[in-house]
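Based on the sequences and whatever the hints tell you, model everything.
If you read the protein sequences in the order shown, they are chains D and U. Sequential numbering from 1 applies to the first sequence in the numbering used here. Sequential numbering from 1001 applies to the second sequence in the numbering used here.
Hints may contain errors.
On the chain D side, residues computed to face chain U include the following (Cβ under 7 angstroms) [as the list claims (entries may be wrong)]:
no., residue
1, Tyr6
2, Leu27
3, Pro34
4, Ala123
5, Leu128
6, Lys130
Within a straight-line C-alpha distance of at most 16 angstroms, the following computed EDC-like cross-link-like pairs (lysine to aspartate or glutamate) qualify [as the list claims (entries may be wrong)]:
no., chain 1, residue 1, chain 2, residue 2
7, D, Lys130, U, Glu1167
8, U, Lys1162, D, Glu166
9, U, Lys1130, D, Glu166
10, U, Lys1162, D, Glu24
11, D, Lys162, U, Glu1024
12, D, Lys130, U, Glu1166
13, D, Lys126, U, Glu1166
14, U, Lys1126, D, Glu167
15, U, Lys1126, D, Asp78
Calculated directly from the structure, the hints in this document are not laboratory data. Glycine included, C-beta positions come from ideal geometry on N, C-alpha and C.
Protein chains: 2
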Amino acid sequence: MDIINYRRSVRSFTDQVIEPEKIEQLLRAGMQAPSARNQQPWHFLVVQNREQLLKIYETSPYARMFTEATAAIIVLMDKTNLKNELMAPQDLSAATLNILLRATELGIGSCWCGVFPNSERMASLKVLIKAPDQYEVFSLIALGYPQDADAFRFVDRFDPTKISYEEF
Amino acid sequence: MDIINYRRSVRSFTDQVIEPEKIEQLLRAGMQAPSARNQQPWHFLVVQNREQLLKIYETSPYARMFTEATAAIIVLMDKTNLKNELMAPQDLSAATLNILLRATELGIGSCWCGVFPNSERMASLKVLIKAPDQYEVFSLIALGYPQDADAFRFVDRFDPTKISYEEF
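Printed below as a string of structure tokens:
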């Protein structure tokens, strides 16, 4: 399966709960992401409790998909032992994408909701999940088995005008 | 092939030139990345000219891999028509990672060199490649066929202490 081509944002989910071993596979994929000087600045909070998922939505009204998601992975920055703080958001983006791609492979729908660098969103979510001071919320990933049978169809986004060769 | 597990930073390359159709596959993968409000804020400059690759190294002395790389993809932010400027660096990180993952699948070694948000590096590279004002250099990807036969071996980065379930 071409996970790069078939990954798409999925926002509508069935009630089927994601199996613990699949959740672990998603987290393992996140931790295989590249990071600046291999600093691995991540921490992952897995939420499957329905009440808490609804509270994520209440804190993040743009994130309606959490009313249907059966799980969330909250990707956090761990600020202890950073070797290259400026690059940490890029490392965390890579970890987030690896999780989306593995989810696609496992037939799990996913949607990346940006949080960082919006300090209001970061703060309200940090309070909700009672994260210790060393962490900052970077992104939210909504997860669940897709409602739509064609959730993973390929939509070609190739645009040759976005390429230059050798020089501008 | 499990591209998530076998992608690694590769910094030592053979002289074998990367075929144009493989370069296009890498660019297609970059453009399949998720982006905030689907803004697709990217532009890609492909460099295969040896002299220019060496100049990238001269501008970026931390990037010694460009002395051996047979190609570079320079990932740029196109600042026109951004719908969510704050999230654009995350979109560009996703595009960069998709290129690394597709490269792994094609047997091509790759290394992500962060440029943004270091304004000095961004400025000197922008001058080098003569990028019009609307663009900013986001990252450099060194590419080439790996020197080492085991360049793609799996190194398990799983760390269960980086996971929390339901609450901190």
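Here is how each hint holds up against the structure:
{"no.": "1", "hint": "Tyr6", "verdict": "9 angstroms, violated"}
{"no.": "2", "hint": "Leu27", "verdict": "6 angstroms, holds"}
{"no.": "3", "hint": "Pro34", "verdict": "6 angstroms, holds"}
{"no.": "4", "hint": "Ala123", "verdict": "15 angstroms, violated"}
{"no.": "5", "hint": "Leu128", "verdict": "10 angstroms, violated"}
{"no.": "6", "hint": "Lys130", "verdict": "5 angstroms, holds"}
{"no.": "7", "hint": "D:Lys130 <-> U:Glu1167", "verdict": "7 angstroms, holds"}
{"no.": "8", "hint": "U:Lys1162 <-> D:Glu166", "verdict": "42 angstroms, violated"}
{"no.": "9", "hint": "U:Lys1130 <-> D:Glu166", "verdict": "11 angstroms, holds"}
{"no.": "10", "hint": "U:Lys1162 <-> D:Glu24", "verdict": "12 angstroms, holds"}
{"no.": "11", "hint": "D:Lys162 <-> U:Glu1024", "verdict": "12 angstroms, holds"}
{"no.": "12", "hint": "D:Lys130 <-> U:Glu1166", "verdict": "11 angstroms, holds"}
{"no.": "13", "hint": "D:Lys126 <-> U:Glu1166", "verdict": "13 angstroms, holds"}
{"no.": "14", "hint": "U:Lys1126 <-> D:Glu167", "verdict": "11 angstroms, holds"}
{"no.": "15", "hint": "U:Lys1126 <-> D:Asp78", "verdict": "32 angstroms, violated"}
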